[in-house]
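Which chain is which? The protein sequence lines are A and B, in order. Position 138 of the first sequence, counting from 1, maps to 137 under numbering that gives the first Met the number 0, and the rest follow consecutively. Position 84 of the second sequence, counting from 1, maps to 83 under numbering that gives the first Met the number 0, and the rest follow consecutively.
Read the hints as simulated data drawn from the structure, not as lab findings. Source: prediction; values computed, not measured. Be aware that a few hints might be false.
Claimed, not checked - Okay, the calculated bits of chain A under chain B, using three or more residues with CB under 8 Å as the criterion:
1. 40-46
2. 145-158
3. 220-227
Claimed, not checked - Distance windows between CB atoms, simulated:
4. A:GLU138 - B:GLU32: 38 to 48 Å
5. B:ASP38 - A:ASN254: 52 to 62 Å
6. A:MET25 - B:SER100: 38 to 48 Å
7. A:LYS107 - B:GLU23: 50 to 60 Å
8. B:GLU23 - A:ASN223: 18 to 28 Å
9. A:GLU138 - B:ILE40: 42 to 52 Å
10. A:LYS18 - B:ASP85: 41 to 51 Å
11. B:SER95 - A:LYS107: 48 to 58 Å
Note that CB positions come from ideal geometry on N, CA and C, so glycine has one too.
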Amino acid sequence: MPSLDDLRKRITSVKSTQKITKAMKMVAAAKLRKAQENAEKGRPYSEKMNNVILNLSKSITDKENAPKLLVGTGEEKVHLCIVLTADRGLCGGFNTNIIKKAKSYFEKIISENKTLKIITVGSKGYDQLKRQYKSYIVENISFKESKNINYFDADKVGKIIIEKFEKNEFDVCAIFYNKFKNVITQIPQEQQIVPLNEDKDDKDDSGNDNDYEFEPDEDEILSNLLPKNISTQIFKAMLENSASEQGSRMTAMDNATRNAGELVDRLTIEYNRSRQAAITKELIEIISGAESL
Amino acid sequence: MSNLFNIDIVNPEQSFLSKDNVFEVVIPAVEGEIGILKDHIPIISFLKPGIIRVFSDSEEQNFYVEDGIVEFKDNTLSVLTSSIFDLKNADKNFVSESISSAEAELSKDNIDDQKRFLLNHKVEVLKSISIN
Chain A
0 MPSLDDLRKR ITSVKSTQKI TKAMKMVAAA KLRKAQENAE KGRPYSEKMN NVILNLSKSI
60 TDKENAPKLL VGTGEEKVHL CIVLTADRGL CGGFNTNIIK KAKSYFEKII SENKTLKIIT
120 VGSKGYDQLK RQYKSYIVEN ISFKESKNIN YFDADKVGKI IIEKFEKNEF DVCAIFYNKF
180 KNVITQIPQE QQIVPLNEDK DDKDDSGNDN DYEFEPDEDE ILSNLLPKNI STQIFKAMLE
240 NSASEQGSRM TAMDNATRNA GELVDRLTIE YNRSRQAAIT KELIEIISGA ESL
Chain B
0 MSNLFNIDIV NPEQSFLSKD NVFEVVIPAV EGEIGILKDH IPIISFLKPG IIRVFSDSEE
60 QNFYVEDGIV EFKDNTLSVL TSSIFDLKNA DKNFVSESIS SAEAELSKDN IDDQKRFLLN
120 HKVEVLKSIS IN
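Build out the structure end to end from the sequences listed, making use of the hints.
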């Protein structure tokens, strides 16, 4: 049985923890709104970009000579995985979910005897992966210094990918991030960006003949556009990720605050009981002392 | 009949400009400037450093862009660019910084002709901005 003093200390410490988690929740909620806004603002760009590329790739007739970023190198030996995580912890299962998704992909690659290369963006991902996959990690990028997510950072990652592609360092490239569905649900995503997945031709609008005029020709536009598309996709992933991170943190901190509240209630009852017990004991001692006189 | 069409300029962070009352836009496409009027045929092209001029009923707006993609379709002109600013609130420091970094890039030996051409062009445009 802990003493009264111990109990009192416990209660104060839990209460102060509760204050912290509550504050973190508030901060996350404020940041979430901004991140969500940013994600929505950034959407038109990537959508339009996708549209243009779709229209372009439809009009490409010579598949053999098409840019390799679009059709791939023809091989599937070396996989490059970009794992996008947060720089901070205390956000529930956010980082763990991405890592879990990525790990199952890694295992598949390794079991198929293909070469695996990993780039981690965000320090938490690096921390979690370095124990098991240290030898595969080729680069570790973190944008801790930049306060907001900006295109400039995404472009840096994009340039690294392009550079590696031009040096023939990989054949397939996939990115891992959390897609923001709503505040409580974030879905870990795996998206292939090189070669570009053409799974969108289900909406077959062949009747709609887009007689575009191209200036200069299609190939040149495509080879100019595809590297930009990679940066755009990364940027989109980063925006989704930051909204997810804040959402996840908000839910986690909300839970923590509630748990702390329950703990305080329980501890208070225990404290009151043992205080009452002590009083009763003293009273009995006094009464029986008086009776014996 | 009106001779107006829509323009959307978006950069990765947000939608930069959206208007539905422009009658002419001049864009610095990579093979020369293109003036676009209503009912232009669908076109996709990309930009070199230069100035986008947007003419609407009431006013004329000028923007500096470094690169980007333009698409014109169904009387909507979409401009996707990662670097754009309004000439009216051009940041002098930023302009001169861009000039010097482009010039530094130019002085390297290992750049190809196309890049050299683009950089020369960029310096030219930026200098003309800083004079005004």
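Against the structure, the hints:
no., hint, result
1, 40-46, "holds (count 5)"
2, 145-158, "holds (count 4)"
3, 220-227, "holds (count 4)"
4, A:GLU138 - B:GLU32: 38 to 48 Å, "holds, 41 Å"
5, B:ASP38 - A:ASN254: 52 to 62 Å, "holds, 58 Å"
6, A:MET25 - B:SER100: 38 to 48 Å, "holds, 42 Å"
7, A:LYS107 - B:GLU23: 50 to 60 Å, "holds, 55 Å"
8, B:GLU23 - A:ASN223: 18 to 28 Å, "holds, 26 Å"
9, A:GLU138 - B:ILE40: 42 to 52 Å, "holds, 45 Å"
10, A:LYS18 - B:ASP85: 41 to 51 Å, "holds, 46 Å"
11, B:SER95 - A:LYS107: 48 to 58 Å, "holds, 52 Å"
Of the hints listed earlier, there is not a single one the structure fails to meet.
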